[in-house]
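Chain A is fixed; fit chain B onto it per the hints.
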Amino acid sequence: MYRWLNERLALDSIRELMSHKKVPVHSQSIWYYFGGITLFLFMIQVATGIMLLLYYRPTPTEAYESVQFIMTRVQFGWLIRSIHSWAANLMVLAAFIHMFSVVFLHAYRRPREMTWFSGMALLGLILAFGFSGYLLPWNEVSYFATKVGTDMAASVPAVGSYLARFIRGGEDIGGGTLTRFFGLHVAVLPGITTVLLLVHVVLVQQHGISAPPKLKRPVPEMPFFPNFALREMMAWYGTLAVLGVLAALYPWELGVKADPFASAPAGIRPEWYFLAPFYTLKLIPAHIWIFEGEVVGLAGFAILIVVWCLLPFWGVKRPRWVAGAGVAFIAYLATFSVLGYYR
Amino acid sequence: MKFTLAALLLALPALGTAEDVRVSHAKAELKCVDCHGSGAIAKIKRSEVTKTCARCHAEQLKQYTASVHWAKFSKGETAAATCLDCHGSHETRKAPTCESCHATLKEMYDKSPHAKAFERMQLGGCVGCHGNHEIAVTSSAMLAGDKSLCADCHPAGTGPSKMGALLQSKLDGLHTSLQKSAEILERARTVGMEVSDSLVKLQEANQTQVQARVAVHSLRVEDVDVPVKEGLQAAGQLYKEGEAALRERDKRRMGLVVSLSAILLTIVGLWLRIRKLENHS
Chain A
839 MYRWLNERLA
849 LDSIRELMSH
859 KKVPVHSQSI
869 WYYFGGITLF
879 LFMIQVATGI
889 MLLLYYRPTP
899 TEAYESVQFI
909 MTRVQFGWLI
919 RSIHSWAANL
929 MVLAAFIHMF
939 SVVFLHAYRR
949 PREMTWFSGM
959 ALLGLILAFG
969 FSGYLLPWNE
979 VSYFATKVGT
989 DMAASVPAVG
999 SYLARFIRGG
1009 EDIGGGTLTR
1019 FFGLHVAVLP
1029 GITTVLLLVH
1039 VVLVQQHGIS
1049 APPKLKRPVP
1059 EMPFFPNFAL
1069 REMMAWYGTL
1079 AVLGVLAALY
1089 PWELGVKADP
1099 FASAPAGIRP
1109 EWYFLAPFYT
1119 LKLIPAHIWI
1129 FEGEVVGLAG
1139 FAILIVVWCL
1149 LPFWGVKRPR
1159 WVAGAGVAFI
1169 AYLATFSVLG
1179 YYR
Chain B
1171 MKFTLAALLL
1181 ALPALGTAED
1191 VRVSHAKAEL
1201 KCVDCHGSGA
1211 IAKIKRSEVT
1221 KTCARCHAEQ
1231 LKQYTASVHW
1241 AKFSKGETAA
1251 ATCLDCHGSH
1261 ETRKAPTCES
1271 CHATLKEMYD
1281 KSPHAKAFER
1291 MQLGGCVGCH
1301 GNHEIAVTSS
1311 AMLAGDKSLC
1321 ADCHPAGTGP
1331 SKMGALLQSK
1341 LDGLHTSLQK
1351 SAEILERART
1361 VGMEVSDSLV
1371 KLQEANQTQV
1381 QARVAVHSLR
1391 VEDVDVPVKE
1401 GLQAAGQLYK
1411 EGEAALRERD
1421 KRRMGLVVSL
1431 SAILLTIVGL
1441 WLRIRKLENH
1451 S
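In order, the protein sequences belong to chains A and B.
Using our numbering, read the first sequence as starting at 839 and increasing by one per residue.
Using our numbering, read the second sequence as starting at 1171 and increasing by one per residue.
Please note that the accuracy of each hint is not assured.
Simulated restraints on C-beta separations [as the list claims (entries may be wrong)]:
| no. | chain 1 | residue 1 | chain 2 | residue 2 | range |
| --- | --- | --- | --- | --- | --- |
| 1 | B | Glu1418 | A | Leu1121 | 42 to 48 Å |
| 2 | B | Lys1245 | A | Tyr1000 | 32 to 38 Å |
| 3 | B | Leu1434 | A | Gln1043 | 42 to 48 Å |
| 4 | B | Gly1343 | A | Tyr1179 | 42 to 48 Å |
| 5 | B | Ser1451 | A | Val1039 | 24 to 30 Å |
| 6 | A | Tyr1000 | B | Ala1249 | 40 to 46 Å |
| 7 | A | Phe1004 | B | Ser1451 | 37 to 43 Å |
Straight-line C-alpha distance at most 27 Å; calculated DSSO-like pairs for lysine-lysine [claimed, not checked]:
| no. | chain 1 | residue 1 | chain 2 | residue 2 |
| --- | --- | --- | --- | --- |
| 8 | A | Lys1095 | B | Lys1350 |
| 9 | B | Lys1213 | B | Lys1232 |
| 10 | B | Lys1371 | A | Lys1095 |
Just so you know, the hints here were simulated from the structure itself, not pulled from any lab data.
Just so you know, even glycine gets a beta-carbon here, dropped at the ideal spot from N, CA and C.
One chain only, chain A, in its complex shape:
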């Protein structure tokens, strides 16, 4: 059988290529697994997302009911939906851990700049997946959280109102927004993500896995295949176990159907990964000098994101600055997310 396949698919050359790939072995090697875990969770999202697509209907009159149908009538529908929701959250967490591990291990150095850029773009896409998917069940919380989110876009100077109208597909959140977000979530984003993911993986393959610069050379290594691949598989199974526990013991709630004519419920807030910027914008005063506070806040975030993305250009010669910035970034995210949740 192998011989038959090998003759047609040149499996030996792939094996040969993989046998040359090595993974550095050191005390921080555990962080290498998070890129693979993010990939695994993305694959779960694709698989469960396709299953949900069979029953989901993207209209304001049917969206909520179709999700309710999936959860109550479809065999294992509750599990698929719950895994999809939990895996989305775990994927964001894994992607952030992967990004910070790259920062602290200084793996963004030459010649891996493009790997870093593609990774940052993938993180942005993962967040876009979260934002667009959050509205799809059309429940009260998701409806008003999306309203708050798109209102932020409206405050961008000059193009804000056009931008908000473009995102919403109208003046307010409605059927147009739902179909737009649905199209984005199931077609546009997966398409771009798949291409970018391939680029990212090819770049990792091309440049190999980076060892921290402070380690004494030569750094001990293990073969990627099968040694690291088997360990990665263990990590994937561990992730699957965590996902199973979360989905079975804490099934993702559906909540109350969105009513556009009702007033927003008290304490409305976005998903946990948007809490820190959300709370920061809440703290900024309405006006700073001659500018609107929200505009200043958004401009500040935009500058910080650009500076962070350009890390390979300013961080290589300043590893201590990078480590400090990484710690400060984590402290900011943790503190403001907790404050945003409880206030």
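Only chain B this time, still in chain A's reference frame:
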């Protein structure tokens, strides 16, 4: 509040016609400004009505603030009755007007033997049992037992007293069944089961409880039996749905244990494979 017949009888001489009241406001030389204030005559806000009337009727306000009407009004249910809804505004009257909001209750009451008896004895209809300003939250305890209102006129062991106890048992039976269904559904909801459809059905089933309480006013068992039977049937079905949701929860947990065992075994297998591989090399 237990509104005794004696208290009602004492209050009766104070009741008068609408004409009497208009005269009494006129006699007291009440002018527009006394209620509406001087300066720009403003419409009195609904939320300010009780305060305005209480300038002269402090005692009635005290009774009203102990009532179910005030309990609802003060919580923002501004449709709940306040002074003007029973007494009118400029056409001030004293005649009880409960039926303007509680029409179905009045319909049931008119079918009951109480209607004629209360009229004959001049007990004043609804106020005969419920009082006027100080209308308490109703409960099945008003029908039998220590807090029974029936006992004021019907001694224990008499036919009407037994009827009160029978109606009470029907209402309580329905209440208990609905309560049990609500509890099991809430348990299922808190463990993450999707029971929102059942919770909507429970809200509908709770309406039968209201209908049964209304039907009690006809004092006819057959009238009460209709919503009670419907409610009990719905409650039974909802309880089964709650049980099914909890059984499904248990099944899921069992499935989780099996899956976790399989995953753990695979992880152990992978680990052994890695060890074997690395020991060889």
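Structure-inconsistent hints, enumerated in ascending order:
Hint check: 2, 3 and 7 fail, others pass.
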